[in-house]
Amino acid sequence: MGVRETNTQFIAGHARLPSGMAAKSVFDTLTITAEVDKKYGVIVDASCTLATEHGRDYVARLLKGHSLKDGIDEPLAQLHEGYLGKANQALCAALKDLYKHADVVVLADGVNSLLAKQLGFHREWRPDEVALATMEILKLDKNIIEDRFNLEANQGCTIEIFGDATKGILGTGFLYTNKDTLSIGVGTLLSGLIKHKIKPYELLEYVKNHPMIRPYIQGSEPVEYLAHLIPEGGYHSIPKVAGHGVLVVGDAAQLVNAIHREGSNMAMTSGRLAAETIIMAKEQNDFSESMLDQYRMKLMESFIGQDLKKYKDATHHFESFPQYFDQYIPMLNRAASQMFTVDGASKWEKQKKIWRDLGSTKQKFKLARDMMKAWKVMK
Amino acid sequence: MMKAQTIEEKQYLVRFNADTKSHLHVLDDNICLTKCPDKICTIFCPAAVYKWEDIRMHVGYEGCHECGSCRIGCPHENIRWEYPRGGHGIVFRLG
Ligand SMILES: Cc1cc2nc3c(=O)[nH]c(=O)nc-3n(C[C@H](O)[C@H](O)[C@H](O)COP(=O)(O)OP(=O)(O)OC[C@H]3O[C@@H](n4cnc5c(N)ncnc54)[C@H](O)[C@@H]3O)c2cc1C
Ligand code: SF4
Ligand code: SF4
Chain S
1 MGVRETNTQF IAGHARLPSG MAAKSVFDTL TITAEVDKKY GVIVDASCTL ATEHGRDYVA
61 RLLKGHSLKD GIDEPLAQLH EGYLGKANQA LCAALKDLYK HADVVVLADG VNSLLAKQLG
121 FHREWRPDEV ALATMEILKL DKNIIEDRFN LEANQGCTIE IFGDATKGIL GTGFLYTNKD
181 TLSIGVGTLL SGLIKHKIKP YELLEYVKNH PMIRPYIQGS EPVEYLAHLI PEGGYHSIPK
241 VAGHGVLVVG DAAQLVNAIH REGSNMAMTS GRLAAETIIM AKEQNDFSES MLDQYRMKLM
301 ESFIGQDLKK YKDATHHFES FPQYFDQYIP MLNRAASQMF TVDGASKWEK QKKIWRDLGS
361 TKQKFKLARD MMKAWKVMK
Chain B
1 MMKAQTIEEK QYLVRFNADT KSHLHVLDDN ICLTKCPDKI CTIFCPAAVY KWEDIRMHVG
61 YEGCHECGSC RIGCPHENIR WEYPRGGHGI VFRLG
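If you read the sequences in order, they're chains S and B. Per my numbering, the very first residue in the first sequence carries number 1; after that it's consecutive. Per my numbering, the very first residue in the second sequence carries number 1; after that it's consecutive.
One chain only, chain S, in its complex shape:
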């Protein structure tokens, strides 16, 4: 689906239904939706979740043609006097709710932001813009956790696992401690799973059984299994985040630093910046795109924009050069484990061995060049 500029926006209002209604067997709440002309606030189409077509038509006819800029009192009175069915109060409450939303709607609906897509703010994400994370919660005695991970009470720790853990596909494994559980998981770009035809739960098993990981989770009991997408497109994937009466925050706006796997702080900060912008807009009673676009500017000036810019080429760079993950990271892991293994050999000997392991001069030269590139995108 291509990006489409629309002149209307879609808003919805909700209210609880009283019991004993036909619509209640389908929905617990009553929703009124309206398509509103952005410039003039005129309702061009409307619908609701009443069970009978007749009821839905009545509400639509009543609302169509009314401009939200004239307030909501008139259609509210018409509805209150005209609709004598059981849902009268719920309809009026839903309409008020809809009007409340009319000034600015903040889309915070996460990575699967169907609303932003419907509004034409972005096309569907590509498989290389999202990482699929699968995770298991493992139950383990609190004392064993503290012992095994060398923790004081109320301390936690996280371990990130690169390279071999994800079978060379771009992505990372992670293990973190909770009070009496461990979370173990693995995240890989969806494009990687597709390209290499790997089942995500088999990859998770592979990580769990990796010799570097297994000792940490020994004796634990899986109690929950989860799967979630993480938007990892980075800077280039940030969609349109401000339109007339609409702002997009958090995962819905691809605000995740994939390199450091930070999303929740960006979601919270973008929410705050959106709120500040709305307060400003309210003061000037201007909810136009040019006014709300201040949010985008604030976002880009904040650490969110700066961090995402800094790493803007990182993920794609890595994906297009699979040797980083196929060869170098296992190599580095091997090197690190040799450096840290106590076996009587001096650090100097170890470095010589690592140097030999890196291969011929030509290979070493290529390695150095690739590392230089990696350093450039990461620094």
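Derived from the structure by calculation, the hints contain no laboratory data. None of the values given here were measured: they were computed from a predicted structure. The C-beta atom is built at its ideal place from N, Cα and C for all residues, glycine as well. Be aware that a few hints might be false.
Here are a few chain S residues that sit away from chain B, every Cβ distance over 10 Å (derived from the structure) [claimed, not checked]:
hint	residue
1	Thr29
2	Leu76
3	Gly85
4	Tyr99
5	Pro127
6	Cys157
7	Glu224
8	Tyr225
9	Ala227
10	Lys240
Coverage of chain B stretches by chain S, computed from C-beta distances (three or more under 8 Å per stretch; other residues unrestricted) [as the list claims (entries may be wrong)]:
hint	region
11	60-73
12	85-93
From the structure, some residues in chain S lie toward chain B, with a derived Cβ separation under 10 Å [stated by the list, open to error]:
hint	residue
13	Leu79
14	Tyr83
15	Gly110
16	Val111
17	Leu114
18	Glu124
19	Arg126
20	Ala133
21	Ile137
22	Thr181
23	Ser191
24	Glu202
25	Pro222
Could you slot chain B with the ligands onto chain S? The hints should help.
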């Protein structure tokens, strides 16, 4: 050795409040049959919701994690994806 190795065992750990109607729809089985040799959604779906049955796709929507991968990953935009209706779908207990 760890338990819950197979996807069936993993799914057994998850609580779902299944709706009576599916929120996932494969639009055209014929596209799967003729244009998608790997039936790739049967591979990348983390809950093994999709199962190819000779000429049609079986959709075990009851076990869906609502991750959205199939909507994005189907190379032929052949899956219509919605959230389950309010109150239905996956129930997170711990994570
Ligand atoms: C395995 C994993 C590990 C992570 N680790 C970290 C970490 O260590 N540090 C970190 O900072 N970040 C981490 N993140 C990222 C972080 O969780 C997200 O970036 C953050 O939660 C985004 O917040 P959000 O509010 O934008 O979206 P979400 O948290 O996804 O919330 C969106 C909500 O909207 C709801 N919704 C969607 N559509 C509708 C609708 N139509 N009506 C009503 N509700 C709707 C959804 O059900 C959902 O509850 C991790 C993510 C994953 C998957
Ligand atoms: S990925 Fe799409 S086209 Fe392929 S089998 Fe699944 S639904 Fe069919
Ligand atoms: S949303 Fe995720 S879990 Fe549900 S069917 Fe699609 S890929 Fe599978």
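Each hint, compared with the structure:
1. Thr29: violated, 7 Å
2. Leu76: Fine: 25 Å to the nearest Cβ keeps Leu76 (chain S) off the interface.
3. Gly85: holds, 22 Å
4. Tyr99: holds, 22 Å
5. Pro127: Answer for Pro127 (chain S): violated, closest chain B Cβ roughly 5 Å.
6. Cys157: Non-interface label stands for Cys157 (chain S): nearest chain B Cβ at 18 Å, farther than 10 Å.
7. Glu224: violated, 5 Å
8. Tyr225: Given a closest Cβ separation of 4 Å, the condition is violated.
9. Ala227: Given that some Cβ of chain B is not farther than 10 Å from that of Ala227 (chain S), nearest at about 4 Å, it is violated.
10. Lys240: Label holds. Min Cβ-Cβ 19 Å, cutoff 10 Å.
11. 60-73: holds (count 8)
12. 85-93: Answer holds; 5 residues pass the 8 Å Cβ test.
13. Leu79: violated, 24 Å
14. Tyr83: Violated, about 23 Å.
15. Gly110: holds, 9 Å
16. Val111: holds, 6 Å
17. Leu114: It holds, given that the least Cβ distance between Leu114 (chain S) and chain B is near 8 Å, below 10 Å.
18. Glu124: holds, 6 Å
19. Arg126: holds, 7 Å
20. Ala133: holds, 9 Å
21. Ile137: holds, 5 Å
22. Thr181: holds, 7 Å
23. Ser191: Status holds, d = 8 Å.
24. Glu202: holds, 8 Å
25. Pro222: With a closest approach of 4 Å, the Pro222 (chain S) hint holds.
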